[in-house]
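> Here is how the chains run, residue by residue.
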Amino acid sequence: MNNIHPTAIIGPKVLLGDNNTIYPNTVIYGPTRIGDDNVIGPNVVIGTPGQDTRNPRYDSSECQIVIGNRNIIREFTAIQKPCYESLTILGNDIFLMQSVHIPHDAQISDKVVITPMCALAGITKILEGANLALGCTITQHSVIGHYSIVAMGAAVMKNVKPFSRFIPNRKISVNEYAIKKFGFQEYFDEIYNYVMNDISPKSNIIVDIINEFNEKHAKSGMPLY
Amino acid sequence: MNNIHPTAIIGPKVLLGDNNTIYPNTVIYGPTRIGDDNVIGPNVVIGTPGQDTRNPRYDSSECQIVIGNRNIIREFTAIQKPCYESLTILGNDIFLMQSVHIPHDAQISDKVVITPMCALAGITKILEGANLALGCTITQHSVIGHYSIVAMGAAVMKNVKPFSRFIPNRKISVNEYAIKKFGFQEYFDEIYNYVMNDISPKSNIIVDIINEFNEKHAKSGMPLY
Amino acid sequence: MNNIHPTAIIGPKVLLGDNNTIYPNTVIYGPTRIGDDNVIGPNVVIGTPGQDTRNPRYDSSECQIVIGNRNIIREFTAIQKPCYESLTILGNDIFLMQSVHIPHDAQISDKVVITPMCALAGITKILEGANLALGCTITQHSVIGHYSIVAMGAAVMKNVKPFSRFIPNRKISVNEYAIKKFGFQEYFDEIYNYVMNDISPKSNIIVDIINEFNEKHAKSGMPLY
Chain Y
2 MNNIHPTAII
12 GPKVLLGDNN
22 TIYPNTVIYG
32 PTRIGDDNVI
42 GPNVVIGTPG
52 QDTRNPRYDS
62 SECQIVIGNR
72 NIIREFTAIQ
82 KPCYESLTIL
92 GNDIFLMQSV
102 HIPHDAQISD
112 KVVITPMCAL
122 AGITKILEGA
132 NLALGCTITQ
142 HSVIGHYSIV
152 AMGAAVMKNV
162 KPFSRFIPNR
172 KISVNEYAIK
182 KFGFQEYFDE
192 IYNYVMNDIS
202 PKSNIIVDII
212 NEFNEKHAKS
222 GMPLY
Chain Z
2 MNNIHPTAII
12 GPKVLLGDNN
22 TIYPNTVIYG
32 PTRIGDDNVI
42 GPNVVIGTPG
52 QDTRNPRYDS
62 SECQIVIGNR
72 NIIREFTAIQ
82 KPCYESLTIL
92 GNDIFLMQSV
102 HIPHDAQISD
112 KVVITPMCAL
122 AGITKILEGA
132 NLALGCTITQ
142 HSVIGHYSIV
152 AMGAAVMKNV
162 KPFSRFIPNR
172 KISVNEYAIK
182 KFGFQEYFDE
192 IYNYVMNDIS
202 PKSNIIVDII
212 NEFNEKHAKS
222 GMPLY
Chain W
2 MNNIHPTAII
12 GPKVLLGDNN
22 TIYPNTVIYG
32 PTRIGDDNVI
42 GPNVVIGTPG
52 QDTRNPRYDS
62 SECQIVIGNR
72 NIIREFTAIQ
82 KPCYESLTIL
92 GNDIFLMQSV
102 HIPHDAQISD
112 KVVITPMCAL
122 AGITKILEGA
132 NLALGCTITQ
142 HSVIGHYSIV
152 AMGAAVMKNV
162 KPFSRFIPNR
172 KISVNEYAIK
182 KFGFQEYFDE
192 IYNYVMNDIS
202 PKSNIIVDII
212 NEFNEKHAKS
222 GMPLY
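From first to last, the protein sequence lines are chains Y, Z and W.
Positions 2 to 226 (this note's numbering) are the ones given, in order, by the first sequence.
Positions 2 to 226 (this note's numbering) are the ones given, in order, by the second sequence.
Positions 2 to 226 (this note's numbering) are the ones given, in order, by the third sequence.
Treat the hints as calculated values from the structure; they're not laboratory data.
Not one of these hints is a red herring.
If chains are identical, the list can't say which one is meant, so a pair holds when it fits in one copy or spans any two.
With a cut-off of at most 25 angstroms between alpha-carbon atoms, the simulated DMTMM-like pairs for lysine to aspartate or glutamate come out as follows:
1. 159 x 177
2. 182 x 60
3. 203 x 213
4. 181 x 53
Take the sequences, apply the hints, and build the full model.
If you want it as structure tokens, here you go:
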């Protein structure tokens, strides 16, 4: 059973799983599919059209959003419909804090944390376990690698490597906090060598992460920090 | 006929033209005059008092907002009443994306695009076709020239020339994207020389633009990038 | 008597003083204690859980917010419950503008001004009369000193001295505007020597301010600009 506040407006073609809590003044338009155990609101907007300057009034009636399970989506955050690709898609265990902008065609992977006032441009991909600190901005098509962190207030114009820290005006460094938090300590040396010296890792678990990043990085056509 | 969601709150002295769509949880206080074919909301606030630190509780009951036609004003954006001049005024074909702050006494001209998390200080003027990228901030009294662009995350402390690009820590450059988008290609050399070398243009259409900017620039008392 | 719009949602355990105005679509959850003469909303959220990544779903049912008197809290601003300390606390005569993020365990002192799109991280302390300009971000545990100002778009990673101006990439300077506004002109030389040369002031009123700051600064474990 879902717990939906009576002031929430849930449009047609919104499919809700089970055990979601939707707080007051939240608006959800479809077609949107939402899994289980999510906490949404108050005053959240999901399912408005993508903000595409080339065609601001495009027909978004069939453009779909998919949101997984156990996500927290906080007040004044919006998640918008795709314009170019088939989905705007969010995975599981994501934490979108106050006043976050999730744009058209974004992909937000599992365990991502996006803090208040962060704004992503269209078609960005934020990969598993990445963390965007307060008020940072991400340019179009960018790929933010797994378990990386973007510093407070940073304007990200290139892709960010997995396990790295992007701080404006500093060399890329290793995100030791995430390595510990997500249990990658035994791979520290491999990760360090990958982030700092571009040396390919050997352990499958790290290789798989880097390969997934490299594939999306190549497709994005963006440069790399 | 206007299409107004029943949860929208439209105060007295709000004059709506025709064919406007007002989405849920939007609040509009008057005196506010809105033209035709605008899309507003959900969860937009228009007509609250200007945020003036010198007199936060000034009487704004007669302070007026005017909004033109064919504008799109998206979720969590606010447009506030004037404190000093006679109007907060928006033209036509403007696109205000999520979580934009339009302050007291602002002038937003036709075809301006303001992207998520941008905040303008009071009495700013954003001139025709200008584009403010994600999360940028504009200081008081500033004039952002026609067809210019301000980069993502920039803090703008001076006026920005028409047709220019302002990117922090870089020399001003020419906004080629806007020249193409708005059909000024045949004037490219004149525009280039104006932006880069301060050489006055000769073609009337460009001269008129520069003159309008120069007049507002002079009145603003602000320096120029 | 309080003036509460019928669309505002005021939870149980919300204690309101007198003469507060609460505008539409505002949500206030308790336990929250609010004094007199406050203006809140429209579309404000107070009393949602702190955004703590270590325990995003912590039980906040007994976590309390206290808000004083004569504060103005504007549209799309949120004030969140504590996670670590006993209170999120706001004093008197504070002006929180559009889209401000007040986090768990924050302390906002009297006469503070926080402008649009500012985001504070958890456990920050903004001391009396400080002013945060558009879109700035404040890191965890920081202390922003009395009557200081943080520049537009700044990312604050250390504590900020009382009476100082923090502008990125510049030396700390004296906040002359606040000295005049708050009536400290007769202490200008002492303040100047404290801010610029770390010379301890002699007048009691300034000594008390510096002592209060120094105590919180020492507790914070943060470096100083």
